[in-house]
Amino acid sequence: MDEATLLAALSDDLDLAFEGLVRARQDRLYSIALRILGDPTEAEDAAQDAFIRAYRALGGWDAERIAALRLDAWLATIVVNVARTRARRRATTGGRASLTFLDELDHPSGTSAETPHGRLDRRQAIEAWANRLLALPERYRAPIVLRHVDGLGYDEIAIALERPEGTVKAQVHRGLALLRAALDAESRSDPSPSGTHPAAHLQEVLR
Amino acid sequence: MTHPLIAPSDDELAAELGELRTDAPSSLLPRTLVAVGLADAYTTMPSPIGPLYVAFNGLGVVAVETAPDGRAFERSHVARFGRPAYAVAALPEKLERAIARRLDGGRRVSIELDLRGRTGFERDVWTKALEIPRGEVRPYGWIAAEIGRPKAVRAVGTALGHNPVPLIVPCHRVVRSDGMIGQYSLGGPANKRTILEAEGLDPDELETLARAGIRYIGSDTTRIYCLPSCHAARRITGAHRVPFHSATDGERAGYRACRRCRPTGVSAAA
Chain F
1 MDEATLLAAL SDDLDLAFEG LVRARQDRLY SIALRILGDP TEAEDAAQDA FIRAYRALGG
61 WDAERIAALR LDAWLATIVV NVARTRARRR ATTGGRASLT FLDELDHPSG TSAETPHGRL
121 DRRQAIEAWA NRLLALPERY RAPIVLRHVD GLGYDEIAIA LERPEGTVKA QVHRGLALLR
181 AALDAESRSD PSPSGTHPAA HLQEVLR
Chain X
1 MTHPLIAPSD DELAAELGEL RTDAPSSLLP RTLVAVGLAD AYTTMPSPIG PLYVAFNGLG
61 VVAVETAPDG RAFERSHVAR FGRPAYAVAA LPEKLERAIA RRLDGGRRVS IELDLRGRTG
121 FERDVWTKAL EIPRGEVRPY GWIAAEIGRP KAVRAVGTAL GHNPVPLIVP CHRVVRSDGM
181 IGQYSLGGPA NKRTILEAEG LDPDELETLA RAGIRYIGSD TTRIYCLPSC HAARRITGAH
241 RVPFHSATDG ERAGYRACRR CRPTGVSAAA
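Top to bottom, those sequences are chains F and X.
Residue 1 is where the first sequence starts when you use the numbering used here, and the numbers rise one by one after that.
Residue 1 is where the second sequence starts when you use the numbering used here, and the numbers rise one by one after that.
Just chain X, with the same shape it has in the complex (with noise of 0.2 angstroms):
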């Protein structure tokens, strides 16, 4: 026996235990505050136009944006949101994958979003717009009519302006009732032409339309009119295509209004 060892006491073994007592690692704040939704997390994303900052947290995605360096976005973000930013290396892998099939045209993506503090409105406008397909636009006016507020064409231009989650909540696709293409709020209206044209759209060819006054493109065959940037409405080869200055005039003309862009009620609010 080298070691004759006494036998500690209770107090002895409590004191060692009590040095079993250890600091959290730093990340555990952040992530618990994130998992609740009390703080943001952030990185970035590939997009048409670059980069673009994407933040998130438990509840789901708060905000896309731009902005020129990450302590940059910090400071935007938490004066926007009151709550913290904190930089994360990667989108959880299952988010990362939804949204790139979302920006890859997928209409049955679900990505969760967080719109705390949103009025009912707003959401109904942002929720019509996801029904835009990718390569398509409708007018401010087709919103207003779709979720039942003809006369809001306005005001759905102000929801879509404060859309927190641009590209994931397509509000590129929407433009002037018009025809031309308007303002966007993610770094303006260039910005806006730019992912359009990602999207297979030609800006310049919608706008000379627009420019002509012509609002709908119906086919002789079907006799069916539709909006010009509707899937069917562009299949219709040039021979066929009959332009119409308002609905009015399609139905004079004795076409009727596509099913699938329904572009009925936007010249009466437009």
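Bound-form chain F, shown alone (with noise of 0.2 angstroms):
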């Protein structure tokens, strides 16, 4: 669902519409969060609180005020604020017990022992390239999770990161710079996939 199809909505009944927001956008913040956490559970509580404090927000907005809102960008600036203090705190509190729903139980999600090879591969293709992102430092990762990750424009982006869209480009470029060098190491040192962790690489190329 576009944008403005959300806000005309949004601005019309906040607490009718509120689901189909969460519906059209849980993947995209869900994403943002783990890509910059690196933990699921810890993805999912970040993208609630997101999603919680973007309820509240609007609630608190009259119609004009929703109408001219950058959604986007701003529930990127949200989970992304909410990801990076979580990460902060990360280190000194546990998590927060959250509700066990039932249904939840009866489908567990992952996958099965039977995974073909293909996808197998593909899986661990994946878990690499998110470990390459999780090691380059937060100013780089965040600008490169919004842009490629979630694809949002870099007008978007500075917004949502409060940065001139050319320090944000600039970012993205270094970022993509250090992706490949960090690739570069990786098949230098070991050319068998399944070798050292990819962040190992990544931190030799920063120094």
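Be aware that a few hints might be false.
Stated by the list, open to error - Computed Cβ-Cβ distance ranges for the label pairs, DEER-style:
1. X:GLY18 with F:ARG84: 19 to 27 angstroms
2. F:ARG65 with X:GLN183: 43 to 51 angstroms
3. F:ALA57 with X:GLN183: 20 to 28 angstroms
Simulated from the structure, these hints should not be mistaken for laboratory data.
We treat Cβ as the ideally placed atom computed from N, Cα and C, and that holds for glycine.
From the two separate chains plus the hints, produce the assembled complex.
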């Protein structure tokens, strides 16, 4: 669903439209949180927090203000901030207890033991990319995640991260260069794909 | 060099990174809606009348209800509140502890309730019912008098009948103004008696007094009169118990009203 449709519905009746907003944007907010934080449970908590904050903010605004919103940039701001705060707190506090939904227990997500080889390779490749991304310094990771995982435009990323568009472009560019260097370092040091953790190579590159 | 590698272009990198977009876990939607109060979660809790369904959300407890099974509860819940109810494995720990302490008679236990859409009068009635100690009962007229609406006895009865969170708000501790146990919204009057018995009260004994027209019990040593289930009244030993049919009788005999159960104002309303 596009921004304009969502915003029209939200400004018309927040309580009626909010579920639609969550459905339309949950994969995006979750993916952003997951690729910044790395941990699925933390990412789900962060995405939930972000939606709760969005709901509360929208509840205090009039229709005009909601209609004028850059929705995706705004949601990205919230989830990036929530994820950063959680990442900072992670070292000191444990996760909070969350509800266990029973329908969830009936249909556990995750893959079966008999995953075909091709799928398994693909999953390993995705995992490797996720780890390379997590090894990036935060100032490059967030713009890369917003640009290439989520697909936001540079103008939206500039709003979301409160940085000038030129800075964001340079950070995305630099981030890609670092990923390329990490990939290169991996292939040099270990030709087998199941070798050293990619983060180790990137740490070398960054030194 | 067994694997000569050509450095990937920006577009190739972008394509790889695009693969990192993933589906949110299916629990994210329900838990988010529950957190903001646009949906409810439910589970069962033990009670003197067997397991009860309890629904809650991020704002507080929504409902306590009997139902033949989970599906039936979900259906009646959505019809009643216009929100879906999702089954969860357990109550949040803090809430579970608070409810257990409240049912155990703890009066300084705070339990958040989601009472959106309820009237101020209903809230006043339910808040007042929370003051009735475990093991005691008060007539409808007592609530009416205490909230400053002495003539609204019938409305008090209606509000108690609409209590969405029975047991947590102890509407079972409110009885008819003639002292009979009366109706109960949670599965009928037999349940009310069972719960009162579990709280240490003898409903038959109360109704025996009620049938004899005895509304108050006085002590000839303290010269104070109480509602029959008042903790103070129940400590008066047989020889010193003085029954009264009305507050006026008590006052005439030179007795004053108990400051704990505050029986004044009840008879005027009843």
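Could you see if the CB distance from ALA57 of chain F to GLN183 of chain X stays within 20 to 28 angstroms? Between ALA57 of chain F and GLN183 of chain X, where Cβ atoms are some 45 angstroms apart, the hint is violated.
Please test the hint of 43 to 51 angstroms on the beta carbon pair from ARG65 of chain F and GLN183 of chain X. holds (49 angstroms)
Could you check the hint for me, namely that GLY18 of chain X and ARG84 of chain F are 19 to 27 angstroms apart, CB to CB? holds (23 angstroms)
Consistency with the previously given hints fails for number 3 only.
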